[in-house]
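**Student:** Residue numbers (our numbering), protein chains in the order written: chain A, 7 to 337; chain B, 7 to 337; chain C, 7 to 337; chain D, 7 to 337.
Take these hints with a grain of salt, some might be off.
Any copy, or any two copies together, can satisfy a pair, since identical chains are not distinguished.
Said to hold, decoys possible - Derived DSS-like pairs: lysine-lysine, alpha-carbon spacing no greater than 25 angstroms straight-line:
#1 Lys281 <-> Lys123
#2 Lys310 <-> Lys98
#3 Lys26 <-> Lys207
#4 Lys26 <-> Lys150
#5 Lys207 <-> Lys100
#6 Lys310 <-> Lys123
#7 Lys67 <-> Lys123
#8 Lys73 <-> Lys310
#9 Lys281 <-> Lys64
#10 Lys281 <-> Lys26
#11 Lys100 <-> Lys120
#12 Lys264 <-> Lys64
#13 Lys264 <-> Lys207
#14 Lys76 <-> Lys123
#15 Lys264 <-> Lys120
#16 Lys310 <-> Lys120
#17 Lys100 <-> Lys148
#18 Lys26 <-> Lys76
#19 Lys310 <-> Lys67
#20 Lys67 <-> Lys281
#21 Lys281 <-> Lys73
#22 Lys148 <-> Lys120
#23 Lys160 <-> Lys281
Hints listed in this document are in silico derivations from the structure and should not be mistaken for laboratory results.
Below, each chain spelled out in residue letters.
Protein chains: 4
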Amino acid sequence: MIIVMEAQSTPQDIQAICQKLETMSLESHVINGVTQSVIGVIGEITDELCETANLWPKVEKALRVGKPYKLVSRECQPSGSIVQVGSLAIGKDKVVIAGPCAVETEDQMLQTAKAVKSAGANMLRGGAFKPRTSPYAFQGLKVKGLELLAEAGKAYDLPVVTEVVDPRDVEVVAQYADMLQIGARNMQNFSLLQEVGQTRKPVLLKRGLSSTVQEWLMAAEYIMAGGNSQVVLCERGIRTFEPWTRNTLDVSAIALAKEVSHLPVLADPSHASGKRSLVEPLAKAALAVGADGLIIEVHPNPDKALSDGPQSLDFAEFATFMQHLQLIKGA
Amino acid sequence: MIIVMEAQSTPQDIQAICQKLETMSLESHVINGVTQSVIGVIGEITDELCETANLWPKVEKALRVGKPYKLVSRECQPSGSIVQVGSLAIGKDKVVIAGPCAVETEDQMLQTAKAVKSAGANMLRGGAFKPRTSPYAFQGLKVKGLELLAEAGKAYDLPVVTEVVDPRDVEVVAQYADMLQIGARNMQNFSLLQEVGQTRKPVLLKRGLSSTVQEWLMAAEYIMAGGNSQVVLCERGIRTFEPWTRNTLDVSAIALAKEVSHLPVLADPSHASGKRSLVEPLAKAALAVGADGLIIEVHPNPDKALSDGPQSLDFAEFATFMQHLQLIKGA
Amino acid sequence: MIIVMEAQSTPQDIQAICQKLETMSLESHVINGVTQSVIGVIGEITDELCETANLWPKVEKALRVGKPYKLVSRECQPSGSIVQVGSLAIGKDKVVIAGPCAVETEDQMLQTAKAVKSAGANMLRGGAFKPRTSPYAFQGLKVKGLELLAEAGKAYDLPVVTEVVDPRDVEVVAQYADMLQIGARNMQNFSLLQEVGQTRKPVLLKRGLSSTVQEWLMAAEYIMAGGNSQVVLCERGIRTFEPWTRNTLDVSAIALAKEVSHLPVLADPSHASGKRSLVEPLAKAALAVGADGLIIEVHPNPDKALSDGPQSLDFAEFATFMQHLQLIKGA
Amino acid sequence: MIIVMEAQSTPQDIQAICQKLETMSLESHVINGVTQSVIGVIGEITDELCETANLWPKVEKALRVGKPYKLVSRECQPSGSIVQVGSLAIGKDKVVIAGPCAVETEDQMLQTAKAVKSAGANMLRGGAFKPRTSPYAFQGLKVKGLELLAEAGKAYDLPVVTEVVDPRDVEVVAQYADMLQIGARNMQNFSLLQEVGQTRKPVLLKRGLSSTVQEWLMAAEYIMAGGNSQVVLCERGIRTFEPWTRNTLDVSAIALAKEVSHLPVLADPSHASGKRSLVEPLAKAALAVGADGLIIEVHPNPDKALSDGPQSLDFAEFATFMQHLQLIKGA
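If we strip away everything but chain A, and leave its shape as in the complex, we get (with noise of 0.2 angstroms):
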């Protein structure tokens, strides 16, 4: 910890804090600068002790050398980290996730298998438990839609990932899926968090719409922390003041936390615009700035979708998305 004292502190003021930092058995070295002086501190510290360091009398500010994550980071696990969702390896092969929004109907969940397979996806989603903003929207299917999810992986020999947003629904949601996601407007929720910690299944972990790079590689820790150590990353648009798409697609995030840690980063190009024509350019962004993968929303009839129909693909769309991403592959 650093500790920088006001410039009217006096030689006794810096005294009284090298005291009190040695009855925490913390050693002190005070640098006297030319305007202010600095005191070094060495020891046990914690973000507490941190904070209220900038409440002692005569400092200016203090501020913690370190970082607040361990497991997560490239420190701690040099090479890039691998996570198996069946026979896929999330971090090793590109990954492209398709499907709807919402499960509506077992129809629409094998036709899209169906069409995302052929189009060369290698795994399927689809929202059964639906966080909406509206009390008065559709809320999903439920555990009918974790079983038709279910059954259209199965099908065509998808993996499939689906949103998980209460944590007392972790239990089934994990039964039916092979890789539980956690929404944006979750990332914070640390009971959902930790309780998905305890399984063993992989996570599909959304940064939140307002969250730092920091925050976002916490809320990983939180999960990584409890002993469930196949976390995946997705960056899905934060919010700002542009009014022409829904979020915006940060991907310098993707290129920081795969800097910074070893998890692997998948985009939501479709989540991040809220557009049907910015899906391609963003995904050929995303992966051009290093992701690892896609999560594309995909539909039969984007213009009757109960949800998020706006950014949805068709399936001729998506084959013709995924011939030209092809093109880029490589990058």
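Mind docking chains B, C and D on chain A? Use the hints.
**Tutor:** Using the frame of chain A, we list chains B, C and D on its own:
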């Protein structure tokens, strides 16, 4: 719903949209403008329909007329709601909720309750279940914390409010607390909102860090739609680019929420600023803009607090703060 | 400056940095922490040096201790500045500046001056050079507008303030105006800041839409470094994700600016909200938080205004507004 | 224009609005919906009218149909513009502009020009007039810097671009530079936009730190409305809450600008990130999303640069960067 057609659309394009609407039993009125045509659509219109209409051929955009919230709106209930917590009538009486960020010890709670009561606070706060960004930080005393909080409240005749972070804990928290708090990070934890909507306990609903005012109202709508109309809103600062404060207190959100909704609105200047010196000026601003009360962090010994020390007032500071507020209370 | 070394750096790496610093005549103090080492650097340190030190091998980060502003700081001048505009002492007297967004006609200005004077305003505003986001929008009456503004001010003994947008216009604007306004979009137009810094006219410096408080103070520092110490700051709302208001009034920026700097600070609730119904509550909040005054848009006929009608008060509304403010004025 | 009436408005209220519109020679079409009525308004409608219509009695909101920009739009010119700078055809050829943030010495410029030319760059950059947030920071060599930049460009047959920050400098900068740059902080310096609109020099228009895509296009519209159609847009990162990067590169803004406008769009990954390690991944993302080229900071000795060292590549790094980009160039 209003559908704005692209400038290049033909009468046939417009005709096609109108026919599609007719199959949904919706009535269309076409207005041919100088550069573009507009279709006014009358009938039962859902958010989903409006979203997907954006995808129809030659549609530039589809806009929903009307508001997605009902129960929280002033149109639904023109007079301001009064939420009764013990003998306190929030929305009628100005409320000052005070106490530590986290419940730590019996002594801490009893001392704090005594001090804040004598300074004029009319409700006690204290966190027993703490949502922390790090899995390694102090997570609260849990049920033991609830007991200490309730005991201190009883000893000094102060109703108590505490945060609930997991739907599975709602029952136990409701046994001890007079009011349930939903924290900013859980504002869109819809499972939790539904669960507290099932109780008949008053709820203090904090605004999410990057939530729009409409999303905040929709979160309250979730609770009310469950049958619990005892909701109090609380603005606690939004995330911006400013590094000198932890968050940015959004006083216009308080004014907007009061204008659009009948629910009482409190402000939390402690979390909004993260800075002791700003608590008093921001508290004054919140009351001046029309807030129904305040929630203030108070700790016997802020520089030893287990969390959020830098923004906590000590007893003497809180007493002075309450005296200074008298000046503005009439406003 | 403090240099935090990477966890993996060796004594040789640290030695190399210290030698580099020595060649710059800077003194180094190494503190070896538990996980990382820190170097305290003493001597004449520039922002540029601190920036580039971040690039040196094995450096995790370099932080500058101390503040980049001088003349604007409370450390430089502990008592609050008073800026004299005619007989008005801003910083001592509470100021209410009122008038239309744009100067349109002689009648409009004379009527407005009369009305705002009689309601209690002590200064007149009106834009002659209008910065408009569209090249096709009304850009102001220019010199003719300055004449009308000055005439109305003289007729009712109100000092006048008006915006200057081009360094080439500073001289002519200074002939007519008692105070020069720098608009939010020009807060970092450094040529313009330098030019008004060369005059001896008081300056009203609006905060940029997405400027930090420090950047705002640095813009004031530009003007003061030019020799003009008559600077008044004005908070007018920042850009956030909220669609229901034009901008978000940042009252904590007012409190911070007053704490850190000796300059007077006003608030502009009209531009901050873009919404007539919010002008009064936001004005009260700004005064409660410590603002030295307000700037309010008033127009004889807001629903015919050539710009910013939705946020303008008419004469009767402004008179009521001023009466309501009396209640809070003592605060 | 569409006027949405409040739910409580009566037929008389609606009639009153229609009469008001008739006096302005505008045609009204009333649509009575289930909960609210809507008036479609036909005729010559300005932004100002639409703004003030929001104030009329019983009006909930007034929305303008149609776009405020013309000359920059793809509707106005469906094929992409090509902006010729010397022999370089921006919009047709992929452009890589490279060079230091600030022109410092003759040697620095000649060495850099040689190095970037041989690595494959096709244009040279270098700042002579530097907009700096601190009045005490290095402000550039001014005309001497223009001379050194032009000399280096000529020596290695590279067209040169440099920033102009003051309308009074446009003439002199245009004498030396092949392309004029408008910096992010001056994107809404309308005097400067008008002045460069009067020249016939190509303009590189950077996006403001918190500008919407529409505001960026409106700034380009200013230049084109002055008669200068040689405009190239440049995305350089927006301001968000993320502390780990200087700004956040907004790749969807590049895709949107290309979709809505015919102007070429470049990206500046150096300023967007402020971090050397992110320059290459962000450059790849920008090209993948459809950017027409890049502007990259290169310095012979980044750790001695007078500004923006931390984001500058040295010659070897730039050569490697150019080789890596080949992989993606076809995309």
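**Student:** All hints are to be evaluated individually against the structure, with a verdict given for each.
**Tutor:** Structure-based check of each hint:
1. Lys281 <-> Lys123: Answer is within: at 23 angstroms inside a copy they meet the 25 angstroms cutoff, but 39 angstroms across does not.
2. Lys310 <-> Lys98: neither (36 angstroms within a copy, 40 angstroms between copies)
3. Lys26 <-> Lys207: neither (47 angstroms within a copy, 44 angstroms between copies)
4. Lys26 <-> Lys150: Neither: 61 angstroms inside a copy, 31 angstroms across copies.
5. Lys207 <-> Lys100: within (20 angstroms within a copy, 45 angstroms between copies)
6. Lys310 <-> Lys123: within (22 angstroms within a copy, 54 angstroms between copies)
7. Lys67 <-> Lys123: Close neither inside one copy (56 angstroms) nor across copies (32 angstroms); limit 25 angstroms.
8. Lys73 <-> Lys310: between (47 angstroms within a copy, 22 angstroms between copies)
9. Lys281 <-> Lys64: The answer is between: 15 angstroms across copies meets 25 angstroms, while 53 angstroms in one copy does not.
10. Lys281 <-> Lys26: between (57 angstroms within a copy, 22 angstroms between copies)
11. Lys100 <-> Lys120: within (20 angstroms within a copy, 39 angstroms between copies)
12. Lys264 <-> Lys64: between (40 angstroms within a copy, 20 angstroms between copies)
13. Lys264 <-> Lys207: Within one copy only: 22 angstroms inside a chain, 42 angstroms across chains, cut-off 25 angstroms.
14. Lys76 <-> Lys123: neither (37 angstroms within a copy, 43 angstroms between copies)
15. Lys264 <-> Lys120: For Lys264 and Lys120, the Cα distance exceeds 25 angstroms both inside one copy (32 angstroms) and across copies (34 angstroms).
16. Lys310 <-> Lys120: within (19 angstroms within a copy, 58 angstroms between copies)
17. Lys100 <-> Lys148: neither (30 angstroms within a copy, 43 angstroms between copies)
18. Lys26 <-> Lys76: neither (29 angstroms within a copy, 32 angstroms between copies)
19. Lys310 <-> Lys67: Between copies, since 16 angstroms is at most 25 angstroms while 56 angstroms is not.
20. Lys67 <-> Lys281: between (44 angstroms within a copy, 12 angstroms between copies)
21. Lys281 <-> Lys73: Only across copies: Lys281 and Lys73 sit 19 angstroms apart there, 37 angstroms inside one copy, limit 25 angstroms.
22. Lys148 <-> Lys120: So Lys148 and Lys120 pass the 25 angstroms test inside one copy only (22 angstroms; across, 48 angstroms).
23. Lys160 <-> Lys281: Cα proximity of Lys160 and Lys281: none, with 30 angstroms in one copy and 45 angstroms across.
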